[in-house]
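Colleague: Protein chains in written order, with the UniProt record's numbering: chain W, 1 to 476; chain S, 1 to 105.
Please note that the accuracy of each hint is not assured.
To be verified - So these bits of chain S aren't anywhere near chain W, every CB distance computed over 10 Å: (1) R34; (2) T39; (3) E86; (4) I89.
What the hints assert, rightly or not - Computed list of lysine-lysine pairs in BS3-like fashion (alpha-carbon distance at most 25 Å, straight line): (5) K93(S) / K314(W); (6) K287(W) / K314(W); (7) K223(W) / K287(W); (8) K371(W) / K355(W); (9) K314(W) / K28(S); (10) K107(W) / K28(W).
What the hints assert, rightly or not - Cβ-Cβ distance ranges computed for the label pairs, FRET-style: (11) N59(S) / N145(W): 37 to 47 Å; (12) E86(S) / V409(W): 31 to 41 Å; (13) L411(W) / N59(S): 31 to 41 Å; (14) E86(S) / G271(W): 30 to 40 Å; (15) A63(S) / D375(W): 49 to 59 Å; (16) S67(S) / G271(W): 25 to 35 Å; (17) D92(S) / K419(W): 51 to 61 Å; (18) T475(W) / D92(S): 46 to 56 Å; (19) S49(S) / R187(W): 29 to 39 Å; (20) S259(W) / A63(S): 16 to 26 Å.
Quick caveat, the hints were computed from the structure, so don't treat them as lab data. Note that the Cβ used here is the ideal one computed from N, Cα and C, for glycine as well.
Take a look at the letters that make up each chain.
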Amino acid sequence: METNGGGGGSAADVSRILSELETLKTAKNDIECRISALEAQLRDLTTTTTKKDIEDKNDTVSNGSCPLISAVHSNINHDLSPDSVYRYSRHLLLPSFGVQGQSNLVKSSILVIGAGGLGSPALLYLAACGVGRLGIVDHDVVELNNMHRQVIHTEAYIGQPKVKSAAATCRSINSTIQIVEYQEALRTSNALEILSRYDVVVDATDNAPSRYMISDCCVVLGKPLVSGAALGLEGQLAVYNYNGGPCYRCLFPTPPPTSACQRCSDSGVLGVVPGIIGCLQALEAIKIAGAVGEPLSGRMLLFDALSARIRIVKIRGRSSQCEVCGENSAFTQQQFKNFDYEKFTQAPLSTLPVKLNLLPEDSRISSKEYKEKIDNGESHVLVDVRPAHHFKIVSLPNSINIPLASLEVGLPEISKALKEEDNSGSGASLYVVCRRGNDSQRAVQCLQKMGFDSAKDIIGGLESWGHDVDPNFPTY
Amino acid sequence: MDVTNIEIKTKNAECKPAENKGSSVQIKVLFFSRARDLTGLTELPLELSSGSTTQDCLNKLVARFPSLEEILGSMVLALNEEYTNESVIVQDKDELALIPPISGG
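Excised from the complex, chain W in its bound form:
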């Protein structure tokens, strides 16, 4: 048999290697099956045997190399199973957490609202650490543009409910805990019922009305709330309504105006930033559920990714004037049910982008109509009013970028472009486009006021171009 043979017999070698690989794989598979069957058999035996039997077995099997077994041998005065002792051994070895902390955790229940950027890491750690019952609320589906930060989901789950995906991952990490799926949006109609079943609530949502609703619900039900938020390169973390501490409303009695509420889908977010805040949320929830340490109550943690700074600011205590948790507040469960959080915050509970309708029909054209105009060679100018860093991601050919914020400064540029395009002498058309078709309408309103009467916007923006005209056009 040739060893390092040059050219000859390579086909025969390949076939020989393949056949040997096949044999080995089959053997490996048989061995794994036998291991798994024996392990199952052993589990059955240990769970059905009495404590005395285990002790006897330990005497024969163990040679003292495993400290857990000597603990069993001496005494068990907690209700962690032998498997749990082994699984959580690194927790049990922590003097400040130990058996008591783990026993508390195993008996506790934690609800995570939102299985997105914050919820992903929070859920991973809460499942891994052995919380007895873990609830997950989310109504959304997994999308490709979630993957860079929502690390609990895998590509295989794109298009499927986040709750289903998150629950599957949690179960694969820890099959011994109970996982409850709530594949629905949290609303005043279901919040009381869902939250009341848990000891600790983790707010991992992405919008202002949900934050107020969850905080109020926690006050009404007397539940501690671990609240985290992340946007861009910053994160915030605080524990509310804990042991007489303030609630979210004590700090922010007036919701910020809509213009100040930004979403990750508009402003962007560096994936690891919610990852860090979500991990810290898991930590605070574990501390509360395990009854160890000092929760971040009455304090707020501010995380600044760019400058690598974490600041902890002492925040006010419970406000006696607070409309929900204050001394004279009579905020009841019934009032909670009737409270309109979307109206209060002037923002939608869902993260669906708003669709404005500011212009008359004759000031608008569809993306398909615009395509026809290009194909017909109509002389025109296309102004893209998105911010410059959006324009850099993708843009339509021959469009000029004049961000909405600097539209007035850009008017001469538009006039100049229109003159240059005017081949026929009958005037070039002016079209305006943006990402989704809201800013383009604002821009057209502004342009028409400035004398560009014929300005029209492209309905639905680049999103509709990608949807209706060019499916290969990148969306973001």
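Mind docking chain S on chain W? Use the hints.
Modeller: This is chain S only, laid out in the frame that chain W set:
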């Protein structure tokens, strides 16, 4: 970002000749989340006459950055990393932080 640097520099230049030491204090203002977007700054040295309150600081900031008005009603105000209210008198070298809530996730 360039704008940010220029702003800090000019402000530094403005603040350095604090001639009447007794009659003025210089504090550092820290901007977070939305306050950063609106001002384009992460921090800003601010000179005030001594005896000024945190409210005076806010007034001065809004005069300089009118768009800050939108978040005044909804933010945590912290002086030297502790919750404060508008009537507290600021001291030299104090740090005043404007912390609007983030709601993203």
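Colleague: Evaluate each hint against the coordinates.
Modeller: Going down the list of hints, with the structure as the test:
| no. | hint | result |
| --- | --- | --- |
| 1 | R34 | 5 Å, violated |
| 2 | T39 | 13 Å, holds |
| 3 | E86 | 13 Å, holds |
| 4 | I89 | 19 Å, holds |
| 5 | K93(S) / K314(W) | 19 Å, holds |
| 6 | K287(W) / K314(W) | 19 Å, holds |
| 7 | K223(W) / K287(W) | 14 Å, holds |
| 8 | K371(W) / K355(W) | 22 Å, holds |
| 9 | K314(W) / K28(S) | 18 Å, holds |
| 10 | K107(W) / K28(W) | 40 Å, violated |
| 11 | N59(S) / N145(W): 37 to 47 Å | 42 Å, holds |
| 12 | E86(S) / V409(W): 31 to 41 Å | 36 Å, holds |
| 13 | L411(W) / N59(S): 31 to 41 Å | 34 Å, holds |
| 14 | E86(S) / G271(W): 30 to 40 Å | 38 Å, holds |
| 15 | A63(S) / D375(W): 49 to 59 Å | 54 Å, holds |
| 16 | S67(S) / G271(W): 25 to 35 Å | 29 Å, holds |
| 17 | D92(S) / K419(W): 51 to 61 Å | 58 Å, holds |
| 18 | T475(W) / D92(S): 46 to 56 Å | 53 Å, holds |
| 19 | S49(S) / R187(W): 29 to 39 Å | 52 Å, violated |
| 20 | S259(W) / A63(S): 16 to 26 Å | 20 Å, holds |
Consistency note: the structure conflicts with the earlier hints numbered 1, 10, 19.
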